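J.: Heads up: the sequence shown at position 192 corresponds to 192 in this note's numbering, and the numbers run straight through without jumps.
Because the hints were derived from the structure by calculation, they are not lab data. This structure is a prediction, so every number in the text was calculated from the model and none was measured. A portion of the hints provided could be inaccurate.
[Unchecked claim] Computed cross-link-like contacts, BS3-like style, restricted to lysine-lysine with a CA-CA straight-line distance of at most 30 angstroms:
#1 K50 <-> K158
#2 K158 <-> K233
#3 K103 <-> K122
#4 K233 <-> K160
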Amino acid sequence: ALAEWPDPTPAADLLTLARQSDNRTHRVLALRGYVRMAALTDDPAPMYAKAFEVAQSVEDRRLVLAGIGVADSPAALDLVAPWLESPEVRAEAAVATVQIAEKAWRRDAARARAALRLVIEKQPDGPAAARAREVLNELEQYEGYLLVWQVSGPFQVKGKDSRVVFDTAFPAEDPAAEGIEWRPLKEGIGAWDINLEATFPNLDQVAAYARTRVWSPREQPAVIEAGSDDAIKIWLNRNLVHANYAQRSLSPRQDRVTVALRAGWN
Numbered sequence: 001a002l003a004e005w006p007d008p009t010p011a012a013d014l015l016t017l018a019r020q021s022d023n024r025t026h027r028v029l030a031l032r033g034y035v036r037m038a039a040l041t042d043d044p045a046p047m048y049a050k051a052f053e054v055a056q057s058v059e060d061r062r063l064v065l066a067g068i069g070v071a072d073s074p075a076a077l078d079l080v081a082p083w084l085e086s087p088e089v090r091a092e093a094a095v096a097t098v099q100i101a102e103k104a105w106r107r108d109a110a111r112a113r114a115a116l117r118l119v120i121e122k123q124p125d126g127p128a129a130a131r132a133r134e135v136l137n138e139l140e141q142y143e144g145y146l147l148v149w150q151v152s153g154p155f156q157v158k159g160k161d162s163r164v165v166f167d168t169a170f171p172a173e174d175p176a177a178e179g180i181e182w183r184p185l186k187e188g189i190g191a192w193d194i195n196l197e198a199t200f201p202n203l204d205q206v207a208a209y210a211r212t213r214v215w216s217p218r219e220q221p222a223v224i225e226a227g228s229d230d231a232i233k234i235w236l237n238r239n240l241v242h243a244n245y246a247q248r249s250l251s252p253r254q255d256r257v258t259v260a261l262r263a264g265w266n
């Protein structure tokens, strides 16, 4: 009954049973229930790590690998990677790796690409490798897009239109301002764009801010390519480098701004 529980509440009990039961059937059922419950959590990777520790047989490992594909974190890729070295479960590990990488690339594209290439290296002729090649080709379209952001807002000038809002310097522009909340952007993240309306719905005549960091190994010129719906301002290292009070729909590379990156974080 515990294995069919609708939420992860009994997960710890199932893990104990999977570890300690002398009955093989009970162990398998407990592990199966534990793996199923991991998928119900926001961050299942730690639970899958414990499941791999408990898995004693090839069948157990296949069970865990069949479940971990729902995870979307780079940490889950690291859990699966060692099993690509095992001939007994390599096929299952390859499938799981591709499933995870298809979601995890938005959080760490470099690790997702490395994991997909490892699948191709370890099992070049399998169906998972074919899908890995497809995903790698898809990712090339989005290379260079910034999708990890923190956001602040919304801000408005009561009774004023968008032009006044656009021209107003809100506290989020001041690094010394106190009480400004920045939070990770979790909604509205697309393949190449972010939709702030998903975070700030049903609002007009407002401004929102998004910030991120980019590492440069040296001082070098760069080009920022941006699109927006509607108006947009861009700062680099606290300096305003672009402002466009536009009325338009979003598409890629609507604005191009030549900038200079400093060595280190920008």
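J.: All hints are to be evaluated individually against the structure, with a verdict given for each.
T.: Status of the hints after comparison with the structure:
1. K50 <-> K158: Not OK: K50 and K158 at ~53 angstroms, beyond 30 angstroms, violated.
2. K158 <-> K233: 21 angstroms, holds
3. K103 <-> K122: Answer holds: K103 to K122 is near 21 angstroms, not above 30 angstroms.
4. K233 <-> K160: 19 angstroms, holds
Checked against the numbered hints above, the structure violates only hint 1.
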